[in-house]
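These protein sequence lines are chains A and B, in that order. Residue numbers for the first sequence follow this note's numbering, so the first one is 587 and each next one is one higher. Residue numbers for the second sequence follow this note's numbering, so the first one is 40 and each next one is one higher.
Read the hints as simulated data drawn from the structure, not as lab findings. A couple of the hints might just be wrong.
[Unchecked claim] Footprint (simulated), chain A over chain B, 3 or more residues, beta carbon under 8 Å:
(1) 222-236
(2) 246-254
[Unchecked claim] DEER-style ranges, computed between Cβ atoms:
(3) B:A193 to A:P802: 36 to 46 Å
(4) B:E240 to A:K809: 53 to 63 Å
(5) B:D69 to A:G697: 34 to 44 Å
Just so it is clear, CB atoms sit at the ideal spot from N, CA and C, and this is done for glycine as well.
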Amino acid sequence: MILVFMEVREGKIKKSSFEVLSEGWRRANELGTEVNAVLAGGNVEGLASSTFQYGASRAYVLEHNLLSKYSSSGFAQALFSLVQEIQPGIILLSATAMGKDLAPRLAAKLGVSMASDCTRTEVHDGTFSVVRPIFAGKALATFTFQSSPQIATLRPNVFPLNEPIEKQGEVIRKEVILTEEQIRARVEEILKEEGAELDVTEAEIVVSGGRGMKSPENFGLLKELTSIIPHSAIGASRAAVDSGWIDHQHQVGQTGKTVSPNVYMAFGISGAIQHMAGMASSKYIVAVNKDPEAPIFKVCDFGIVGDLFQVIPSLKEELKIFQRD
Amino acid sequence: MNIFVFVKRVPDTESKIRIAPDGKKIIEEDLNFVLSPFDEYAVEEALQLRATHEGKVTVFSVGTEESLTILKKCLAMGANEAVLLKDDAIETYDGLRTAKIITQALKEKFSDYDLLLFGKQSVGADNAQVPSMVAELLGLPQVNVVTKLEINGANGVAHREIEGALEKASFSLPAVISAQKGLNEPRYETLKGIMMAKRKEIPAVTVQDLGLGEEDLSLNLILMKIESPPPRKAGTIVEGEASETTKKLVNFLREEAKVI
Ligand SMILES: Cc1cc2nc3c(=O)[nH]c(=O)nc-3n(C[C@H](O)[C@H](O)[C@H](O)COP(=O)(O)OP(=O)(O)OC[C@H]3O[C@@H](n4cnc5c(N)ncnc54)[C@H](O)[C@@H]3O)c2cc1C
Ligand SMILES: Nc1ncnc2c1ncn2[C@@H]1O[C@H](COP(=O)(O)O)[C@@H](O)[C@H]1O
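With the hints as extra help, turn the sequences into a complete structure.
Pasting the structure below:
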């Protein structure tokens with residue numbers, strides 16, 4: 587059995603968890619087994635049945651007031667008990683902030699190794715394997731697992747969502763035994779900027795600015811673009827972040843975030859190896875740069891050689907015309 | 040306060056990665072190895088905490104004798120002591136193996152700590168596993184991907200980066216913290232530091248000294264092959280009046296990428 591952890595934030599299951607569930611369903615079919623979902627939190631039962639249409643046969647619900655806020659130790663303990671009982675062969679999570687934090691803690695509790703941030707899973711002759719980028723995507727490594735359960739986190743935005751299917755499933759509540767002392771680091775509050783936008787890792791379109799943007803004010807131009815492009819977010823090169831033009835939360839690259847949106851748009855970014863490391867798994871790359879020799883033009887799907895200060899206003903107009911029609 | 044920092048030797052981020060003909064490892068000749076960038080933030084944080092809380096900073100690295108250079112760098116930055124946890128295995132990409140060695144060393148030989156600092160992820164393996172695994176194996180609180188850390192007596196508060204927000208978490212010591220960019224600005228080594236580091240003895244503890252045998256360190260994660268990623272094809276490049284080039288771009292976004 588494949589067990590998929592469904593991440594709940596702000597009362598909703600994350601899209602990337604459905605991506606993992608979709609992948610789990612595909613592999614479960616190849617392995618001749620079933621895929622099941624698990625939800626943990628303070629009040630998550632109402633969300634459980636939405637997993638059936640992505641292939642889950644069962645949705646396990648782990649509810650406890652000590653799980654109403656995420657903690658690695660609390661969630662790992664609750665999942666550990668379930669895993670001991672139902673013995674899945676494979677456990678998959680999304681490689682989000684939560685998944686990256688939880689999976690290794692759970693793996694260590696179970697005494698098994700795991701594979702992080704995978705971009706492909708495969709089944710050959712009944713054996714499950716995963717492919718993951720190493721050296722920031724400069725190489726791809728394939729792994730199999732010696733131990734059981736086999737645990738992997740999957741990179742968000744990489745695995746396609748299945749078309750929802752008509753499927754009946756079973757919601758199974760499991761008792762969770764947890765004490766206050768088992769919550770080792772407690773989340774006191776979540777600090778969110780007023781009017782915070784979508785995170786770069788979750789956006790379908792990332793609009794990124796580099797040193798070519800020249801000033802913090804000019805990032806306002808990118809903001810104007812994201813305000814008219816749905817599901818978009820602002821990214822940045824390290825040069826822009828280190829110049830203090832934008833917060834490092836937006837940095838894409840080896841020491842920033844890894845993103846794989848549908849479209850990555852780079853304005854005034856040269857395409858240094860450390861920057862590419864963070865965006866090379868994007869489906870389409872668009873570059874705007876006034877230097878025709880900029881390395882980014884070697885990897886982009888669509889490039890404009892030109893001055894971004896002329897391109898952005900014009901692009902805005904074109905998008906508006908398009909949206910009006 | 041007794042602070043331990045865990046650091047790894049990795050190829051610098053500029054490196055071109057070449058794969059050995061057997062497809063099982065990378066070619067290490069010609070690579071320039073450095074202290075993993077996120078570990079620099081961890082070392083810097085330890086030095087800053089020592090400045091306000093007093094105490095001692097000890098750095099550890101699991102690896103071959105070649106890791107002595109990064110331990111020297113940490114000493115030159117200002118760490119008090121360094122220890123090599125000597126392990127001659129080549130890169131396994133198996134976080135649990137490293138976590139077991141670190142845990143065993145802490146249990147058997149170095150049990151006197153208040154805070155364990157890590158980088159959020161090692162460059163190369165890109166696992167982001169070892170800190171959480173060590174925390175679990177030692178039964179300690181953990182806060183990963185930390186951009187702000189405050190210690191008050193036996194307690195701490197840390198800001199942890201999540202999607203589009205920060206989690207403010209509280210914990211008691213001893214604890215595991217992994218550092219993210221934004222936590223601080225790592226200092227450079229001073230000339231005086233470099234001279235002192237040269238003279239400093241770095242003891243080595245082998246995995247055998249720690250009583251770890253083959254079966255303890257056997258791999259669960261089996262590396263089948265390493266390949267180069269498929270090259271990206273160069274696409275359409277246009278030049279000219281912005282009004283024309285952006286029309287083409289919008290057309291590309293609509294017809295090919297199908298995002299608008
Ligand atoms: C350990 C380490 C980690 C790193 N991690 C990262 C990371 O995570 N992310 C990252 O991005 N970098 C990272 N870097 C830095 C990286 O090496 C580059 O320095 C950085 O990516 C350059 O940013 P940039 O492309 O914005 O600036 P530049 O390389 O200076 O490029 C600016 C580009 O803008 C173009 N331009 C200027 N004006 C205009 C205009 N008016 N219109 C159009 N184009 C214009 C120029 O032609 C040029 O190509 C790291 C470096 C190290 C050593
Ligand atoms: N060989 C090692 N020796 C010491 N610390 C390590 C080693 N490998 C990983 N770490 C620590 O664990 C962090 C996360 O590494 P990883 O889980 O490999 O991404 C690193 O930033 C280091 O702080």
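Evaluated hints:
1. Beta-carbon proximity to chain A at under 8 Å applies to 0 residues in the region 222-236 of chain B; the threshold of 3 is not reached and the given coverage is violated.
2. Three residues within the 8 Å Cβ limit are the bar, and the region 246-254 of chain B against chain A gives 0, so the coverage statement is violated.
3. Taking 36 to 46 Å as the suggested C-beta distance range, the pair A193 (chain B) and P802 (chain A) conforms, at roughly 41 Å.
4. At roughly 55 Å, the beta carbons of E240 (chain B) and K809 (chain A) sit within the given window of 53 to 63 Å.
5. Checked against the given bound of 34 to 44 Å, the beta carbons of D69 (chain B) and G697 (chain A), roughly 38 Å apart, stay inside it.
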